[in-house]
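In the order they appear, the protein sequences are chains U and C. Residue numbers 1 to 114, in the working numbering, belong to the letters of the first sequence in order. Residue numbers 1 to 115, in the working numbering, belong to the letters of the second sequence in order.
Everything labelled a hint here was simulated from the structure, so no lab data went into it. Be careful, since some hints might not be right.
[Said to hold, decoys possible] Capping the alpha-carbon separation at 25 Å, the derived lysine-lysine pairs in DSS-like fashion look like this:
(1) Lys-78/C x Lys-11/C
(2) Lys-11/C x Lys-83/C
(3) Lys-62/C x Lys-78/C
(4) Lys-71/C x Lys-83/C
(5) Lys-44/C x Lys-15/C
(6) Lys-71/C x Lys-42/U
(7) Lys-15/C x Lys-78/C
(8) Lys-62/C x Lys-11/C
(9) Lys-62/C x Lys-101/U
(10) Lys-71/C x Lys-15/C
(11) Lys-83/C x Lys-62/C
(12) Lys-78/C x Lys-42/U
(13) Lys-101/U x Lys-78/C
(14) Lys-62/C x Lys-15/C
(15) Lys-67/U x Lys-56/U
(16) Lys-67/U x Lys-42/U
(17) Lys-101/U x Lys-71/C
(18) Lys-42/U x Lys-83/C
(19) Lys-44/C x Lys-101/U
(20) Lys-44/C x Lys-42/U
(21) Lys-15/C x Lys-83/C
(22) Lys-11/C x Lys-44/C
(23) Lys-101/U x Lys-42/U
(24) Lys-67/U x Lys-44/C
(25) Lys-56/U x Lys-101/U
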Amino acid sequence: QKEVEQNSGPLSVPEGAIASLNCTYSDRVSQSFFWYRQYSGKSPELIMSIYSNGDKEDGRFTAQLNKASQYVSLLIRDSQPSDSATYLCAVQSAGGTSYGKLTFGQGTILTVHP
Amino acid sequence: EAGVAQSPRYKIIEKRQSVAFWCNPISGHATLYWYQQILGQGPKLLIQFQNNGVVDDSQLPKDRFSAERLKGVDSTLKIQPAKLEDSAVYLCASNRAGGSSYEQYFGPGTRLTVT
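Pulled out of the complex, with its shape left as it was, chain C reads as follows (with noise of 0.2 Å):
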């Protein structure tokens, strides 16, 4: 079984640039969630998508993110325009939802350098 995909793997942008994240989901998984790690911090989750609709997106920026996940299979993360502080790791999770299972998997995560 194929794992969470993410590209592209490094991006490095200056501060009011904007940038995109891509996501795939493991096959079959119907929520999709992005985090955002900063360095020595646990990851910090930004959007939740129970397969297309947003089910939790109280700790992302609005004014400057924004996400989507049209066809409820991959995902877009957005950032316009960026700021220094976005600098983190953004990861992407799946899980299968409902039944007995409530495990999150991560894809390999895009480290986004702000200058």
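This is chain U alone, in the form it adopts within the complex (with noise of 0.2 Å):
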């Protein structure tokens, strides 16, 4: 199993729609989770922190957290072109040696359409 594993893409949405981007983690101590937006040949960009459960909103984007469940979504509202990207999901270690670690998802590849 992986440690992080994110939906398969590629997901291709047309404009104006809800893009949903899921993920799913196994270490049950994972305190802090991120989701970062990447576009073609430049390096991730963080777009999302969340630490508690629950939902977070910023702007068009929402991240949800279900610890029990041990996922984390990233809802896009409104998708836009240039939200065309890949999104990756990565996973922050609690503690001990790996403190501050992120693990990171293979990445979703959003693609949308006007």
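Reassemble the complex: the two chains are provided individually, in unrelated frames, and hints are given to aid placement.
The structure is reproduced here in structure tokens:
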């Protein structure tokens, strides 16, 4: 089982629709969760962080965390062509020698078509 | 606030040659990370520094990779000798460490091609 697994892509949605990206993780003691956006040929850009169960909203983005189910998701409302990118889920180790280490999923490619 | 700086941006070498990458983290960030990202995959941590000490290098191929952060600020990652499978983007990231912020910020990366 992969440590961090994202829903297989690519995901294609029409402009204006809601894009839903999902991620599961295996380490139950993980405390911090992040979503990065990566445009082709660019480095990952942090777009959302979430630390407690529930929803966190920032503009068109909503991150959802359910620690009991070891599940984190990202919703993008009113999707725009400029949202087309690879979205990376990252889970941060809670302690020990790997404190702060991020483990990434393989990424989900999102395409928003006009 | 200036972001994480990396150089060079691109490097092409032949197998068995050596190469070095440089990273300067965001000012005041005590923790520095080197990641390797192979095409189509998520980044994988190679080494983590806290100030100038190594916190985690469990996934660093130590027979060929080395890294240092001598003064607790900038860092160098070296590969010697390079193999074809080392072709990847090498990303440097930093965070403030401690407090309530665990967010890591990435530099632009160095794209390495080994021929």
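Hint check results:
Distance restraint check for Lys-78/C and Lys-11/C: the Cα-Cα separation of roughly 13 Å lies within the 25 Å cut-off, and the hinted pair is therefore satisfied. Distance hint between Lys-11/C and Lys-83/C is fulfilled; the C-alpha atoms sit about 14 Å from each other, no more than 25 Å. A C-alpha spacing of about 10 Å is found between Lys-62/C and Lys-78/C, which places the hinted pair at or below 25 Å, so the restraint holds. For the hint pairing Lys-71/C with Lys-83/C, the CA-to-CA distance comes to about 30 Å; that exceeds 25 Å, so the pair is violated.
Restraint check: the Cα-Cα separation between Lys-44/C and Lys-15/C comes to about 22 Å, which is no more than 25 Å; the hinted pair holds. Of the pairs offered as hints, the one joining Lys-71/C and Lys-42/U is violated, with about 28 Å between alpha carbons and a cut-off of 25 Å exceeded. Restraint check for Lys-15/C and Lys-78/C: satisfied, since their Cα atoms lie roughly 14 Å apart, inside the 25 Å limit. For the proposed pair Lys-62/C and Lys-11/C, the alpha carbon gap of about 21 Å is at most 25 Å, so the pair holds.
Between the alpha carbons of Lys-62/C and Lys-101/U the distance comes to roughly 19 Å, so the proposed pair stays at or under 25 Å and holds. Only pairs whose Cα atoms come within 25 Å are accepted, and Lys-71/C paired with Lys-15/C is rejected, the gap being roughly 31 Å. For a cut-off of 25 Å, the pair hint linking Lys-83/C to Lys-62/C stands: about 14 Å separates their Cα positions. Distance check on the hinted pair: Lys-78/C and Lys-42/U sit about 22 Å apart at the alpha-carbon level, within 25 Å; holds.
Taking the CA atoms of Lys-101/U and Lys-78/C, the gap is about 21 Å. The hint holds against a cut of 25 Å. For the proposed pair Lys-62/C and Lys-15/C, the alpha carbon gap of about 17 Å is at most 25 Å, so the pair holds. Taking the CA atoms of Lys-67/U and Lys-56/U, the gap is about 14 Å. The hint holds against a cut of 25 Å. Among the hinted pairs, Lys-67/U with Lys-42/U is inconsistent with the structure: their alpha-carbon atoms are about 31 Å apart, more than 25 Å.
Of the supplied pair hints, the one linking Lys-101/U and Lys-71/C holds, its CA atoms being roughly 22 Å apart against a limit of 25 Å. With a CA separation close to 24 Å, the supplied pair Lys-42/U and Lys-83/C stays within the 25 Å bound. Under the criterion of a C-alpha separation no larger than 25 Å, the hint pairing Lys-44/C with Lys-101/U is consistent with the structure, at around 10 Å. Proximity of Lys-44/C to Lys-42/U is assessed by CA-CA distance (about 16 Å); at most 25 Å being required, the pair is judged to hold.
In summary, the hint linking Lys-15/C to Lys-83/C is supported, as the alpha carbons are separated by about 5 Å, within the 25 Å threshold. Under the criterion of a C-alpha separation no larger than 25 Å, the hint pairing Lys-11/C with Lys-44/C is consistent with the structure, at around 20 Å. A hinted pair counts as satisfied when its Cα atoms are at most 25 Å apart, and Lys-101/U with Lys-42/U qualifies at roughly 21 Å. Pair hint Lys-67/U plus Lys-44/C holds up; C-alpha atoms about 23 Å apart against a cutoff of 25 Å.
For the given pair, Lys-56/U sits about 22 Å from Lys-101/U by alpha-carbon distance, which is consistent with the 25 Å threshold.
When the structure is compared with the earlier hints, violations turn up for hints 4, 6, 10 and 16 and for no others.
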